[in-house]
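**Student:** Residue strings, one per chain:
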Amino acid sequence: MNKNNTQTNSFSLSNDKVSATILLVPALIFCTIFIFIPAIGTIVGSFYSYSLTSMNNWKWVGFGNYVKATQDEYFWVALKNNFIIVFASIVLQVGVGTILAAILDRGITHGKIIFRTIIFTPMVISSVAVSLIWLIIYDPNVGILNAIFKSVGLSTPSKGWLGDPDISIWMIMITAAWQNTGFMMVLILAGLQGVSKEVYDAAEIDGATGVKAFWYITLPMIRNVLIVAILITTIGAFKVFEFIFVFTQGGPSNATQVLGTYIYLQAFNLLHMGYANALSVILLIIALFLGWLQLKSSRKA
Amino acid sequence: MSRFKLANIIAYGFVTLFSIYVLMPILVMVLTTFKSKREIFLEPLGIPSQFGISSFEKALSVGLGSFMLNSFIVSFFAVFLIVTISGMAAYVLSRIDFKINKFVYLLIVAGFAIPPAAVLVPLYTMVSNLNLLNSLFGVIMPLTAFGIPFTVILFYAFFLDFPKEVEEAATIDGCTKLQIFFRIIVPLSGPVIASAAIFQTVWIWNEFLLALIMLTSDDFKTLPIGLLKLRGEWTSDWGAIMAGLTIAVIPVLIVFLIFQKYFVRSLAGLGK
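Chains as they are written, first to last, in my numbering: chain A, 1 to 301; chain B, 1001 to 1272.
Treat the hints with caution; some may be incorrect.
Claimed, not checked - Capping the alpha-carbon separation at 25 Å, the derived lysine-lysine pairs in DSS-like fashion look like this:
hint, chain 1, residue 1, chain 2, residue 2
1, A, Lys150, B, Lys1037
2, A, Lys17, A, Lys112
3, A, Lys17, B, Lys1261
4, B, Lys1099, A, Lys17
5, A, Lys197, B, Lys1261
6, B, Lys1058, B, Lys1229
7, A, Lys80, A, Lys239
8, A, Lys80, A, Lys68
9, B, Lys1005, A, Lys17
10, B, Lys1005, A, Lys112
11, B, Lys1102, A, Lys296
12, A, Lys197, B, Lys1005
13, B, Lys1037, B, Lys1058
14, A, Lys68, A, Lys239
15, A, Lys112, B, Lys1261
16, B, Lys1037, A, Lys159
17, B, Lys1229, A, Lys239
18, B, Lys1102, B, Lys1164
19, A, Lys159, A, Lys80
20, A, Lys112, A, Lys197
21, A, Lys296, B, Lys1099
22, A, Lys212, B, Lys1005
23, A, Lys80, A, Lys59
24, A, Lys150, A, Lys239
Hints were generated in silico from the structure; no laboratory data involved. In this text the structure is predicted, and so the values were computed from the model without any measurement.
Could you put the whole structure together from the sequences, leaning on the hints where they help?
**Tutor:** Rendered as structure tokens:
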């Protein structure tokens, strides 16, 4: 390179810096104002006691809100429900999604796209609409679930499908699985399609076909996709809100609360803003931890 | 041979059963819309004897049309902003070696991880202090912010695989990065822009929590919040509720069926 060229380069480099900054800054401004500053606000606010109506009347309480959380029975119920939803979602959505993906990949020859389209469809419907549709299915008077149970002579729960928290948490899971399993299926299917045909041919020579080949050869090969699927499901399970908000409002007596709905209740119904912030910080820590795990796993992939 | 057939029957049986599980609620929604009140109570499993449209009239009387218009405005502007801003940022991250780039990318990933519920109170306070509660602008701005991180990650992966020869030629011709981005990169990024736009449209169209706290006046409610009003208004008139849901859901389903190729592509890209 001659001298002249170097000069042009350094000129265009500074020019690049200007245009690069112009391109990068809007994204940073938006994320800073509406995500990072509120995140810091949540942390700061969690050390105060204040309410929505007396915005200027903040009282320093130190770790008081966190101590309150550890003694709050309903906070633990909400956290426990989130973990139940995480576990059940992984089994129902990732597990069944994997089976469906495997069948669509190699198990059937006809109608692959039709099945894939049908099963994925609920993903585009808003969770509120999904909840309302399932509300009529679970309804004790007009619901088809009761009608089906009665028509085959089975008894139905006396408090209705959503009145007893031991049952309603599972009804929430069935609805969540209805909406999200197709998403997991599509994600895992993309991973399966990356597995080359030769691998299966080689496996067949070694005597591994069908379910056996799937278990011992395919699953280990799509390990990374499965990890991503499990992480996305876990993150989704901590964000769950609409199903519970529409089905039970967290009741009866807070038995079906999750962190999201409990934060909403504390902030906007009870106006305990400081306490809601402390609960939010706990959610924030869980979310960032899961995000960090996702980053680590996607780098490996 | 017979073992092979059995496996085949099980495979088809499983996906067929699952498809029925997926389709049945949608069928219930549509059929209930046309049933009379009497039929809804007496024959939950039956099909309607006539196709009455009175339920649609009740649903529309709640203001579903204006909720839909609000959703359309919010989705349009937020998605436009998200795709433009994210595309620009992702391009810089994938091309220029700023020392802070790694830090910026980490910030973006952190932003992706933070759910709206974790910043609910300060966000509400901020929008309230700016006097933007009950305004579409007040929801568009934070929704845009929450849509950016995922979209940046999506574009970033696409730009990394983008052939660099064309850009190098343009650089020699004296184009700045800004010109290269808008004249060369954008016109060649159709598929990823489509994927990002469709994915974000579905997300914004369906977003609930932020709209719930920001939009309390009927004039500004988006569709998901409006659907709750529908239920409040017609408590046990399931025909009216299901009619409202049908109006809200069917357009999205049609859009999905037309563009499903792009959906699948953008979601499949997540695992890579």
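**Student:** All the hints need checking, so say for each whether the structure fits it.
**Tutor:** To see whether the hints hold, each was checked on the structure:
The straight-line distance between the Cα atoms of Lys150 (chain A) and Lys1037 (chain B) is roughly 21 Å, inside the 25 Å bound, and the hint therefore holds. With a C-alpha separation of about 49 Å, the suggested pairing of Lys17 (chain A) with Lys112 (chain A) is violated against the 25 Å cut-off. At roughly 37 Å between alpha-carbon atoms, Lys17 (chain A) and Lys1261 (chain B) are farther apart than 25 Å, so this suggested pair is violated. Simply put, Lys1099 (chain B) and Lys17 (chain A) have alpha-carbon atoms about 12 Å apart, close enough for the 25 Å limit, and the pair holds.
Under the criterion of a C-alpha separation no larger than 25 Å, the hint pairing Lys197 (chain A) with Lys1261 (chain B) is consistent with the structure, at around 24 Å. Restraint check for Lys1058 (chain B) and Lys1229 (chain B): satisfied, since their Cα atoms lie roughly 12 Å apart, inside the 25 Å limit. Of the supplied pair hints, the one linking Lys80 (chain A) and Lys239 (chain A) holds, its CA atoms being roughly 14 Å apart against a limit of 25 Å. Among the hinted pairs, Lys80 (chain A) with Lys68 (chain A) is consistent with the structure: their alpha-carbon atoms are about 17 Å apart, no more than 25 Å.
Straight-line distance between C-alpha atoms of Lys1005 (chain B) and Lys17 (chain A) comes to about 64 Å, which puts the hinted pair past the 25 Å bound. Between Lys1005 (chain B) and Lys112 (chain A) the alpha-carbon distance is near 18 Å, which keeps this suggested pair within the 25 Å criterion. Using a Cα cut-off of 25 Å, the hinted pair Lys1102 (chain B) and Lys296 (chain A) holds, with the two alpha carbons roughly 14 Å apart. For the hint linking Lys197 (chain A) to Lys1005 (chain B), the alpha-carbon distance of about 22 Å falls within 25 Å, and the restraint holds.
Note on Lys1037 (chain B) and Lys1058 (chain B): the hinted pairing holds, with a Cα-Cα distance of about 13 Å set against a maximum of 25 Å. This hinted pair checks out: Lys68 (chain A) and Lys239 (chain A) have alpha carbons roughly 23 Å apart, not beyond 25 Å. Pair hint Lys112 (chain A) plus Lys1261 (chain B) holds up; C-alpha atoms about 13 Å apart against a cutoff of 25 Å. Of the supplied pair hints, the one linking Lys1037 (chain B) and Lys159 (chain A) holds, its CA atoms being roughly 23 Å apart against a limit of 25 Å.
Proximity of Lys1229 (chain B) to Lys239 (chain A) is assessed by CA-CA distance (about 23 Å); at most 25 Å being required, the pair is judged to hold. Proposed proximity of Lys1102 (chain B) and Lys1164 (chain B) is supported: the alpha carbons are some 21 Å apart, at most 25 Å. About 23 Å separates the Cα atoms of Lys159 (chain A) and Lys80 (chain A), which keeps this hinted pair within 25 Å; it holds. Taking the CA atoms of Lys112 (chain A) and Lys197 (chain A), the gap is about 18 Å. The hint holds against a cut of 25 Å.
Distance hint between Lys296 (chain A) and Lys1099 (chain B) is fulfilled; the C-alpha atoms sit about 21 Å from each other, no more than 25 Å. At roughly 17 Å between alpha-carbon atoms, Lys212 (chain A) and Lys1005 (chain B) fall within 25 Å of each other, so this suggested pair holds. With a C-alpha separation of about 30 Å, the suggested pairing of Lys80 (chain A) with Lys59 (chain A) is violated against the 25 Å cut-off. For a cut-off of 25 Å, the pair hint linking Lys150 (chain A) to Lys239 (chain A) is broken: about 35 Å separates their Cα positions.
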